[in-house]
Amino acid sequence: MSKSKSRRKKKTEWKRYDDRKPEELRTLKIETGVLPNADGSAYIEMGRNKIIVGVFGPREMHPKRFSKPNEAVLRCRYHMAPFSTDPRRSPAPSRRDNEISMVMRYALEPAVFLERYPRSVIDVYAEILQADGGTRTACINAASVALVDAGIPMRDLVASCAAGKMEDNLILDLGDYEDKEGQADVPVAYMPKLEKVTLLQMDGILSTDEFEKCIDMAIEGCKQIYEVQRESLKKKYGVEEKEAEE
Amino acid sequence: MSSRQGIVSRLKKKKIEEVLAGGKRMDGRSFDQYRDIVINTGVIDKAEGSAECFLGKSRVIVGVKVGLGTPFEDTPDKGVLMCNAEYTPIAHPTFEPGPPDENSIELARVVDRGLRSAEIIDFSKLALVPGKVVQMVHVDIYVINYDGNLIDCSALAAIAALQATKMPVYKVKDGEIELTNKKQDLKLRCMPVAVTFVKIGDQLIVDPSVDEEEVMDMRLTLTLDENNNICTTQKSGSEGLTQEEIKKGINMAVEKAAENRSKITGTD
Chain A
6 MSKSKSRRKK KTEWKRYDDR KPEELRTLKI ETGVLPNADG SAYIEMGRNK IIVGVFGPRE
66 MHPKRFSKPN EAVLRCRYHM APFSTDPRRS PAPSRRDNEI SMVMRYALEP AVFLERYPRS
126 VIDVYAEILQ ADGGTRTACI NAASVALVDA GIPMRDLVAS CAAGKMEDNL ILDLGDYEDK
186 EGQADVPVAY MPKLEKVTLL QMDGILSTDE FEKCIDMAIE GCKQIYEVQR ESLKKKYGVE
246 EKEAEE
Chain B
2 MSSRQGIVSR LKKKKIEEVL AGGKRMDGRS FDQYRDIVIN TGVIDKAEGS AECFLGKSRV
62 IVGVKVGLGT PFEDTPDKGV LMCNAEYTPI AHPTFEPGPP DENSIELARV VDRGLRSAEI
122 IDFSKLALVP GKVVQMVHVD IYVINYDGNL IDCSALAAIA ALQATKMPVY KVKDGEIELT
182 NKKQDLKLRC MPVAVTFVKI GDQLIVDPSV DEEEVMDMRL TLTLDENNNI CTTQKSGSEG
242 LTQEEIKKGI NMAVEKAAEN RSKITGTD
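Going line by line, the protein sequences match chains A and B.
Numbering-wise, my numbering comes out as the position in the first sequence, counting from 1, plus 5.
Numbering-wise, my numbering comes out as the position in the second sequence, counting from 1, plus 1.
Be aware that a few hints might be false.
[Claimed, not checked] In silico EDC-like pairs for lysine to aspartate or glutamate, Cα to Cα no more than 20 Å straight-line:
| no. | chain 1 | residue 1 | chain 2 | residue 2 |
| --- | --- | --- | --- | --- |
| 1 | A | Lys241 | A | Glu50 |
| 2 | B | Lys184 | A | Glu215 |
| 3 | B | Lys47 | A | Asp23 |
| 4 | A | Lys73 | A | Glu29 |
| 5 | A | Lys69 | B | Asp218 |
| 6 | B | Lys58 | A | Glu36 |
| 7 | A | Lys185 | A | Glu215 |
| 8 | B | Lys133 | B | Glu179 |
| 9 | A | Lys34 | B | Asp218 |
| 10 | A | Lys20 | A | Glu232 |
| 11 | B | Lys188 | B | Asp203 |
| 12 | B | Lys249 | B | Asp203 |
| 13 | A | Lys26 | A | Asp161 |
| 14 | B | Lys47 | A | Asp221 |
| 15 | A | Lys198 | A | Asp173 |
| 16 | B | Lys47 | A | Asp184 |
| 17 | B | Lys58 | B | Asp46 |
| 18 | B | Lys79 | B | Asp28 |
| 19 | B | Lys248 | B | Asp33 |
| 20 | B | Lys183 | A | Glu36 |
| 21 | B | Lys13 | B | Glu215 |
| 22 | B | Lys248 | B | Asp218 |
| 23 | B | Lys79 | B | Glu246 |
| 24 | A | Lys69 | A | Glu120 |
| 25 | A | Lys228 | A | Glu186 |
| 26 | A | Lys198 | A | Asp184 |
| 27 | B | Lys47 | A | Asp173 |
| 28 | B | Lys14 | B | Glu260 |
| 29 | A | Lys218 | A | Asp208 |
| 30 | A | Lys228 | A | Asp91 |
| 31 | B | Lys58 | A | Asp44 |
| 32 | B | Lys47 | A | Asp208 |
| 33 | B | Lys167 | A | Asp208 |
| 34 | B | Lys25 | B | Glu179 |
[Claimed, not checked] To list a few chain A residues with every Cβ distance to chain B over 12 Å, as calculated:
| no. | residue |
| --- | --- |
| 35 | Tyr22 |
| 36 | Lys55 |
| 37 | Ile57 |
| 38 | Arg64 |
| 39 | Ala97 |
| 40 | Gly209 |
If you are wondering where the hints come from, they were derived from the structure by calculation, not from laboratory data.
Ideal Cβ positions, reconstructed from N, Cα and C, are used throughout, including at glycine.
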């Protein structure tokens, strides 16, 4: 990934390419229950990212040897549609896809009561329809909502967003351009109620001070996303609550 | 497309046959009635063209990506159109991730043949430097939800996506290719539409649902252009059909293709 040299800094206010404030998130929309055949599902639009996540399970594991006798296996799959990026990409999974599938699993596992479903599997399939930087964070946001939609008991929702550095400014929720041209990118996933970070990656160059600031910024972003996640669930399940009261 | 579960419930088959014998279908449709069709275009702005088609609860997104590549050796002065289908595991509990299986390959190939044999695009216009560089049109079919009859759903989405495609314009000077900022519509020469029906017992029904696909004896897809020329056919399922049934199928397809075509052009 190319990191452009920092341009000459003007005294005037620095602006992001899409005119956001440094600590401002992209537009965020989450919708639950979008797939009739899945046990749980969510659709997220985070900036220009468009992602559908489907959750199936808990169900029997195939092949059986991968199942665990004491708990369920959370199996995540991150997959990009051939038309999701500017040049067409091959539908076969890449090394990058496999790694993101893994970090997604590690980000979500701490939130799920896996020990309730020994010998079974919970499949989390994320399909990226359009990619715009920060797809892994968007996937985690949608996946944790989809897990709740599937009725799987959770300790907390996992919210995720990235912070980073571009042209010597620290910024929140990097878009595609900032991801490619910026100096650093720190994706973070966070469980706001339990106050635990479940995903932490970083690429680029940051001082220790900047790194800590980035994490703080990202956690603040996660807390805002958490509210949107809750709203999306209330939209689907809040109505039933009302009916129950009546 | 044989059973998704591996085993066909005999009870289910019997019940569906009984209802059909009474002149009805499980979901209340008549034998020649399609489920509701909704087509939206421009759903993926990173693709040069895109469309989403709902056929009942079946849902397919098609993205068209245009790139450069080398032509096939036997057609050096023609561009290339390629169809690919992905059965995403979110579409049905029995769909698994992995390389395409025979069902998704069949889906891609039947849609592909429909577009290609109808000569939907003037491929010679896609050649930039004949023999060396041509434009490649990738049509990617992405199945989001499976509720039966993916072929018709995908074929409709593919045509709608191609119709909405904005092609990048290249300037060619002495073998050098330069990308310009201009875009132009991809001109379609015709509108092939697929009509699929299945035979269950003695009955022919269009637009099979998941359950009907599961218990069907035979399936036939006919793709027709607006002049009612047949562009491609595909028969599958382990049962034969009589000439009379083929004729009946063609008549049904002519009527239904025109009806569904109007859903794309918006002239209904």
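These are the hints, each one checked on the structure:
1. A threshold of 20 Å between alpha carbons decides the hint, and for A:Lys241 with A:Glu50 the separation of about 17 Å falls inside it, so the pair holds.
2. Distance hint between B:Lys184 and A:Glu215 is unfulfilled; the C-alpha atoms sit about 43 Å from each other, more than 20 Å.
3. With a C-alpha separation of about 17 Å, the suggested pairing of B:Lys47 with A:Asp23 holds against the 20 Å cut-off.
4. A hinted pair counts as satisfied when its Cα atoms are at most 20 Å apart, and A:Lys73 with A:Glu29 does not qualify at roughly 42 Å.
5. Between the alpha carbons of A:Lys69 and B:Asp218 the distance comes to roughly 33 Å, so the proposed pair goes past 20 Å and is violated.
6. The hinted pair formed by B:Lys58 and A:Glu36 meets the criterion: a straight-line CA distance of about 18 Å does not exceed 20 Å.
7. Pair hint A:Lys185 plus A:Glu215 holds up; C-alpha atoms about 19 Å apart against a cutoff of 20 Å.
8. Straight-line distance between C-alpha atoms of B:Lys133 and B:Glu179 comes to about 15 Å, which keeps the hinted pair within the 20 Å bound.
9. Between A:Lys34 and B:Asp218 the CA atoms are separated by roughly 44 Å; this puts the pair beyond 20 Å, and the hint is violated.
10. Annotation: proposed proximity of A:Lys20 to A:Glu232 is violated, straight-line Cα distance about 27 Å (limit 20 Å).
11. With a CA separation close to 42 Å, the supplied pair B:Lys188 and B:Asp203 exceeds the 20 Å bound.
12. A C-alpha spacing of about 12 Å is found between B:Lys249 and B:Asp203, which places the hinted pair at or below 20 Å, so the restraint holds.
13. The straight-line distance between the Cα atoms of A:Lys26 and A:Asp161 is roughly 29 Å, outside the 20 Å bound, and the hint therefore fails.
14. Restraint check for B:Lys47 and A:Asp221: not satisfied, since their Cα atoms lie roughly 32 Å apart, outside the 20 Å limit.
15. Under the criterion of a C-alpha separation no larger than 20 Å, the hint pairing A:Lys198 with A:Asp173 is inconsistent with the structure, at around 32 Å.
16. Of the supplied pair hints, the one linking B:Lys47 and A:Asp184 holds, its CA atoms being roughly 17 Å apart against a limit of 20 Å.
17. For the given pair, B:Lys58 sits about 24 Å from B:Asp46 by alpha-carbon distance, which is inconsistent with the 20 Å threshold.
18. Restraint check: the Cα-Cα separation between B:Lys79 and B:Asp28 comes to about 46 Å, which exceeds 20 Å; the hinted pair is violated.
19. A hinted pair counts as satisfied when its Cα atoms are at most 20 Å apart, and B:Lys248 with B:Asp33 qualifies at roughly 15 Å.
20. Taking the CA atoms of B:Lys183 and A:Glu36, the gap is near 36 Å; set against the 20 Å cutoff, the hint is violated.
21. Distance check on the hinted pair: B:Lys13 and B:Glu215 sit about 9 Å apart at the alpha-carbon level, within 20 Å; holds.
22. Between B:Lys248 and B:Asp218 the CA atoms are separated by roughly 18 Å; this keeps the pair inside 20 Å, and the hint holds.
23. Note on B:Lys79 and B:Glu246: the hinted pairing is violated, with a Cα-Cα distance of about 38 Å set against a maximum of 20 Å.
24. Restraint check for A:Lys69 and A:Glu120: the C-alpha separation of about 17 Å stays at or below 20 Å, so the hint holds.
25. Restraint check: the Cα-Cα separation between A:Lys228 and A:Glu186 comes to about 26 Å, which exceeds 20 Å; the hinted pair is violated.
26. The suggested pairing of A:Lys198 with A:Asp184 is violated, with an alpha-carbon distance near 29 Å, which exceeds 20 Å.
27. The straight-line distance between the Cα atoms of B:Lys47 and A:Asp173 is roughly 29 Å, outside the 20 Å bound, and the hint therefore fails.
28. Simply put, B:Lys14 and B:Glu260 have alpha-carbon atoms about 29 Å apart, too far for the 20 Å limit, and the pair is violated.
29. Between A:Lys218 and A:Asp208 the CA atoms are separated by roughly 15 Å; this keeps the pair inside 20 Å, and the hint holds.
30. For a cut-off of 20 Å, the pair hint linking A:Lys228 to A:Asp91 is broken: about 31 Å separates their Cα positions.
31. Pair hint B:Lys58 plus A:Asp44 holds up; C-alpha atoms about 15 Å apart against a cutoff of 20 Å.
32. For the hint pairing B:Lys47 with A:Asp208, the CA-to-CA distance comes to about 25 Å; that exceeds 20 Å, so the pair is violated.
33. Between the alpha carbons of B:Lys167 and A:Asp208 the distance comes to roughly 36 Å, so the proposed pair goes past 20 Å and is violated.
34. The straight-line distance between the Cα atoms of B:Lys25 and B:Glu179 is roughly 59 Å, outside the 20 Å bound, and the hint therefore fails.
35. Residue-level check passed: A:Tyr22 sits 17 Å from the nearest beta carbon of chain B, beyond 12 Å.
36. At roughly 7 Å, the least C-beta separation between A:Lys55 and chain B is not larger than 12 Å, which violates its mark as non-interface.
37. A Cβ of chain B approaches the Cβ of A:Ile57 within 12 Å, the least distance being about 6 Å, so the stated non-interface status is violated.
38. A:Arg64, annotated as away from the interface, has a beta carbon of chain B within 12 Å; the closest lies near 8 Å.
39. The beta carbon of A:Ala97 sits about 7 Å from the closest Cβ of chain B, which is not more than 12 Å, so the claim that it is off the interface is violated.
40. With a cut of 12 Å on Cβ distances, A:Gly209 stays outside the contact zone with chain B, its closest approach being about 24 Å.
In terms of the numbered hints stated before, the structure departs from hints 2, 4, 5, 9, 10, 11, 13, 14, 15, 17, 18, 20, 23, 25, 26, 27, 28, 30, 32, 33, 34, 36, 37, 38, 39, listed from lowest to highest.
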